[in-house]
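Engineer: Here's the letter readout for the chains.
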Amino acid sequence: MMIRHGKTLLSFIGLTLWIVQPVSAAESKTLQIDGSTTVGPLGDAFAEIFKELHPDVSITVKKTGSGDGAAALIDGRCDIAMMSRFMKDKEFQQAVEKGVFPVAHVIAMDGVCVVVHPSNPITELRTEQIRDIYMGKITNWKELGGPDMPIVPVSRDTSSGTYESFHLMVMNNEKMASNVEYVNSNPQAHARVRSTPGAIGYVGIGFLDRYVKTLKIDGIMPTRSTIAKGVYPVSRPLFLFTNGYPKPGSIVHAFCTFYLTEKGQEIIEAKGFVPLTEY
Amino acid sequence: MTTAVSQFDDAAVRFPRPLRLTFRDDLRSTLLSWLVKSFLFVVTFCSVAAVLLIFVFVIRQAAPFFMGDGGSAQERIREFFTSRRWFPEHQAHPEYGILAIIAGSFYVTIASLLIAVPTGLLAAIFLSDIASFRVRQICKPLIEILAAIPSVAYGVFAVMVVAPWLQKNLGFPTGTNALNASIILSMMAMPTIISIAEDALTAVGREIREASYGLGATRAETILRIVIPAAHSGILAAVILGMMRAVGETMVVWMASGNAAQIPSPWWDLSQSVRTMTATIAGELGEVPQGTIHFHSLFAIGLVLLIFTFCLNLLSEHFIMQMKKPKR
Amino acid sequence: MLWRQIKNIVFTVFCSGSVLLLAAALLFFLVPMIWKGSQAVFFRKTVEFDKMQMELFRRGHPAVLEKITAQTNQARQPALALLDHFSRGVDTTLLSKEARSAYQQFGRHLRYREVSDEEYTRLREEAKDIRDAFLKAVETTDKTEAESFLDLVDAQQNNPSFQDSPFRIVFSLSKDYRQILQDIDLSRRSEYAAELDIVKTEMRKLFGPLPGESVPPLAQDRFGATRWDVAQKHLRYLIYQTKWVPSEQEDHRLIARQIRRDDPEEGIFGKTELAPLFSMVEQNLAAMLQPRPTIYWQYFLDDSTAGHYFGGAGPEILGTLLLTVLSMCFAVPLGVLSAAYLVEYAADGIITRVIRTCINTLAGVPSIVYGLFGLAFFVLMVGKPCILSASLTLGLLVLPVIIRASEEAIRAVPQSYKEASLALGAGKFRTFLTVTLPAAGPGILTGIILSLSRAAGETAPILFAGAVALGPIPNVGLHPKWLFQPTRALSYGCYDITVGDRLAMQVPHNQFGMVMTLILLVLLLNLAAIFLRWRMSRKLQGI
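Protein chains in written order, with our numbering: chain A, 1 to 279; chain B, 1001 to 1328; chain C, 2001 to 2543.
Hints in this document: simulated from the structure, not taken from any laboratory.
Please note that a few of the clues may not be correct.
[As the list claims (entries may be wrong)] Taking lysine-lysine and the DSSO-like style, the derived pairs with C-alpha atoms no more than 27 angstroms apart in a straight line are: (1) 2051/C - 51/A; (2) 2051/C - 213/A; (3) 98/A - 2481/C; (4) 88/A - 2384/C; (5) 2428/C - 1037/B; (6) 1037/B - 2418/C; (7) 216/A - 2200/C; (8) 247/A - 2481/C; (9) 1168/B - 213/A; (10) 2233/C - 1168/B; (11) 247/A - 2384/C.
[Unchecked claim] One side only, chain A facing chain B, incomplete, derived with CB under 8 angstroms: (12) 148; (13) 152; (14) 175; (15) 179; (16) 198.
These numbers come from a predicted model, not from an experiment.
Heads up, the beta-carbon is just placed ideally off N, CA and C, and yes, glycines get one too.
Sequences and hints are given; from them, build the entire structure.
Structural biologist: Here is the structure:
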């Protein structure tokens, strides 16, 4: 009996492998991309186009986080690290010690937008007010002229690039109160605010839509133009890091300069970021 | 396997051989059996080695947090266990206090056990004492399936189905909270509790039950007064193993608990978000720069988790041993 | 006595109730997950789905598709033309762009005609004035002002120098625009423009890129609504706008009100030329998209586009199979031999107790700690996160499960089997290999299948050890290169698609489809194990 079952199992596995195998393409070159969850969708989309343009290159996109991207670049585990923050001193030091020289390519701008539930009548907040909310000094929308509703502050997890931008530019390096709820990704922050009438949160500009209401900060609405001009107070560049400047003509070079092409910019806009150059 | 069976068949044919072994034969077979035994021992020892390796590597990566630059080890340890403030990425004054995070782990664990233990115990009683053989045959696979569903699927369920439901029908400010995580965790811990508790109840034996029935006790009385006290160590082991499952679970709590590093106030309010040790590791390990204090602090949390589950494990083993000991 | 009986009955009811509660919990979990997930495979497809399948997967019959496309295009034509016409009045960038390009082409035209320099400069200047007048007419929000600018343009209409040049387009534009001015309230143009943007987006979501637009670079934007339910959703978004108005109660909250965009009183396009569009799309949507029920079984084989917007879970399934099978290759020999040692050889000493404790500890180590260990040990050992490091981590994770299952199975082999073999002169190890192992085989196999399902479902250990969201499909072959590639996996995919990816939120059927695939895989494995055990117990009972 054992024999029969063993054979069935084996042949089943063999069959599955055989069926799926023809799908896989022949490959010669590989391109490994690793890093931030914020830049991840851009990496995904670029990779999708690249698959069409260069069918012989097999591209891997891994979205684990900026820190992991940097570490992967330093260890030589990836060719390109996507990062939503600049490399830290410590990371640079490690890189140089291992003979890796990180070069930054700014591919797009991202604005960190403060959002609330659409049922919230508040339309505008000052930076100090947002800071007070996240520091726990303001706990009810009543205090800001809104409905009598406890505020549910939603933040990205403390190690994300988005958190760091917000922390630096809005919080002025003040620590957040302990009632702040942490979520692991932009979509989750969006989903939390969308489903919670009393919530306030911050997400990248690519995550704005009809389900959440964007607030003006200090009277400035985050739009493509205010972010590109640098008028909006909370915006940040998105990076690709490579080991040294990639050799012109190489596949890494093509990927890192893809944001300059028309298609690249269309993608950046389609993914909700702000392109740096305009055609 | 085919060859193995045919060899066995052949053995009967090839069997005629001198029953008196020469010294060489004897030596050979002794050596061989010793070799086989030591080979198997080495293989088995892999598990021990794996446990050691896990401890060694987690400790090695956690050590720089306690020994590392800036602040003495004693201060670090005191802050680590007594401060509620977890701000590892702060540029000027990072703080590494995991009290709130440990508390978060305990909140979801205890709350899930509050649901899982009574239900699981009653279900175990049903399976061991009430259900007929046929019903048991149906129920067992059910419980197995409950145990087999991947945690990430439970996590998706928690985020996409339970959270909106809680928010809509119970009016919580947030749907991803301690209660949500606890409900799901209790579903995950229940199969463990049921199967071990059922073993413990069955192990009590017919004689004791029959004696009780013979004295005129009802089923409820027999089970509550006689069987459960007799099986208490096994049931405790079941609870502890269920607890281990809940403490160590990652994906569900990461997705469903809300991840706010706070101790709920008032303390009984499960509708608030909490953050657990496992979720902290899973959420931050990818983002943090490797080799920094923050990176090592995550391994330190892992070490705390590891030691905690190790102790629970020893405790459960102790109870299981007690259960297996013949009763006097 | 009665009281005791009642207590007894209550107790029994509670016990049975808890089991029912369990069953209910399982149903409450399985039903929505499987139901929602099944919509990734069973759904009503539209013509856009066929187009997508044709372009991305080369599937379907070109002739049939062409015929349907022609039919649907015909049905869509009036609505699209209406939208196009209306947007010319509102979307001023389009008009000014056309005017500018006409002016540029005029310049080129003049250069080819080889007119004299003076003539060239004069005509260019004149054309520029006309263009600027038109641009001003387009930009202004005052109707009379716009008309006066248009008059300036039209005054030059019969100028012979523009008659046969590309520049005469400007005059037809001006005529169009003059007509549009009659219908539209210019002071509300910016309001219209914002709403029109939404309408256009929804139309794109329904029917793909609008006529005259270039092909979008991303596959997700290249097709309209591929599914009928998605089409219904976007139809709703197209027709209704959500207005947040202050509620009547005194709590300052805003409440949502759904208003039809073509509502004659309140709808933004109610009094405009665009109003018929909405009912036109609403009534003819079926003709425009031609929905038909389909079974998309290729979901389990297909690759997907970025963010799992289109396509299936094929690579994830393959990745999971590879990871689990490979992890079994490490765990099964180790596990079975360990079990053999523990049952057959180990004396009940201190060392055996240590080993047992270690196995129990291994079973109790939280999965995330396996993830930490995988990152700190296996990834370091192998060099990078890849299939090998991930499956080694998973192998370690299931090792205790296999040891326990095998131990139980080996113990269950009747002592008489072994004694018979030993009596025939076979050695201890030979007895184990030839008698005990085959007899314990089904039991061990059950354990293996259960640990397969465990390994397939674990996410935390492979988070940092080799799972990726998007990657090449491993080219499985004799050359072990594929071992050193990272791979996609179902469990990680479920996580990524639920919380990691924004795009996936727009395709909930794919989100649930992935989870359903994982659940089905695990359920199938478990059912196999249950079936095997049932066969075994029947055999033991001698039926």
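Engineer: So which of those numbered hints doesn't the model satisfy?
Structural biologist: 2, 12
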